[in-house]
Amino acid sequence: MRVLMYEVPGNPHLSMAFEEAMWRELQRGKVPNTLRIWRHRSVAIVGYFQMAEEELNFEKIREHKIDVLRRITGGGAVYQDLGCLVWTIAVKGPKGGGINYIYDFLLKGFVNTLKKFATVRVENINDVVVEHNGVGRKVSGTSATFRDEYYLLHGTLLVDTDLQILSSVLKVPRIKLADKGISEVKYRVTNLNDALGRRVNFDEIIDEMVKSYSELLGERPIYDIPTKDELDLADELYRIKFSTPEWNLLRFPSSYFEKFRNLEKFK
Amino acid sequence: MKIGIFEYKARKGLIRATISLYDDTIEVKITGDFMVFPEDTIWELEKNLKGMKADEELISKRIEETLSNATMIGCTVDDFKRTIIGALKEVIP
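Line by line, the protein sequences are chains A and B.
When the letters of the first sequence are read in order and numbered with this note's numbering, they come out as residues 1 to 267.
When the letters of the second sequence are read in order and numbered with this note's numbering, they come out as residues 1001 to 1093.
You may find that some hints are simply not true.
Rough simulated footprint, nothing fancy, chain B against chain A, three-plus residues with beta-carbon under 8 angstroms [stated by the list, open to error]:
| # | segment |
| --- | --- |
| 1 | 39–53 |
| 2 | 69–77 |
| 3 | 153–162 |
| 4 | 241–255 |
Since the hints were made in silico from the structure, they are not lab data.
Every residue, glycine too, gets a C-beta built ideally from N, C-alpha and C.
Can you build the whole structure from these sequences, using the hints too?
Below you can see the structure in the form of structure tokens.
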């Protein structure tokens, strides 16, 4: 298992382009199973099916100079700052494993990591919840994609994020409030630090996560740096896709960006 | 042109359909935090619905056909039908 600590905190668009580059290179058989751990300075990230203006409060986005970015996986909007750990596990797995392989198997690596620190349970397929004074609090959002026998699961871990900014930036759809009230766990987020009542060192978490995924996959961790092709492809994807309003704001499908010719050599 | 918007909370995920009715044909946008695989099935659905007459039965059938092979987490083909038809009802008299 390759471990990448590669991050570009000040340029989330490039960092997200790198994630897709890594995912594509994995599917081409060019890089091994990889655990990537990264962070962003300040960014709101919407799911693949989401329209940024429907999910984000742009007044606050401007006020706090927050970047807006869309990702290649479905699910909901998140806010990340340097107090939020971001992780991606991308692997070649069994054929036909589908979504079960992701949420019944791959997610375990993350859940086992958190278990070293707190009482954890998974609710509603993929909500990772930490027990805090007898109440379940969400400290992480995860999302995934797969193609053939290749699987990608990524997620956040709120450790010391500014929750006030988080809640002012993300819109809560009225229908959800009406439906379940704010009792729905999705809106009961907290920082791991607050849940535990102590400051957890990022390095502590990272060490446990590397150990946990290495055990789960049965592969020795090898700390590495990105390949040149990954970095080149990331630059290309940044230029044609992740830096554009068509991708970030207008919800164009990934297929739209495939027509740009320079991607050909990475097929 | 008329615009209809309908939101539906599935077991997991919110589905939002925005329908534009031009004369008598429709265009649909499906957004939200749901999870569907392969992802691009959603754009295929939008493409397949584009230009259709505002006919509930035909539209339901087209939705079923397009989504029949998709994998969904916490939502169903019926949820998408309900959402899109909900938006349609806002724009047809």
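Verification of the hints:
By the rule of at least three residues with a Cβ nearer than 8 angstroms to a Cβ of chain B, the coverage given for the segment 39–53 of chain A holds, with 5 such residues. Note: the segment 69–77 of chain A has 6 residues with beta-carbon separation from chain B under 8 angstroms; the three-residue rule is met and the coverage holds. With a cut-off of 8 angstroms between beta carbons, the segment 153–162 of chain A has 0 residues touching chain B; three or more are needed, and the interface restraint is violated. Using a Cβ-Cβ cut-off of 8 angstroms, 4 residues of the segment 241–255 of chain A lie near chain B, which meets the minimum of three, so the contact claim holds.
Violated hint: 3 only; the structure is consistent with all others.
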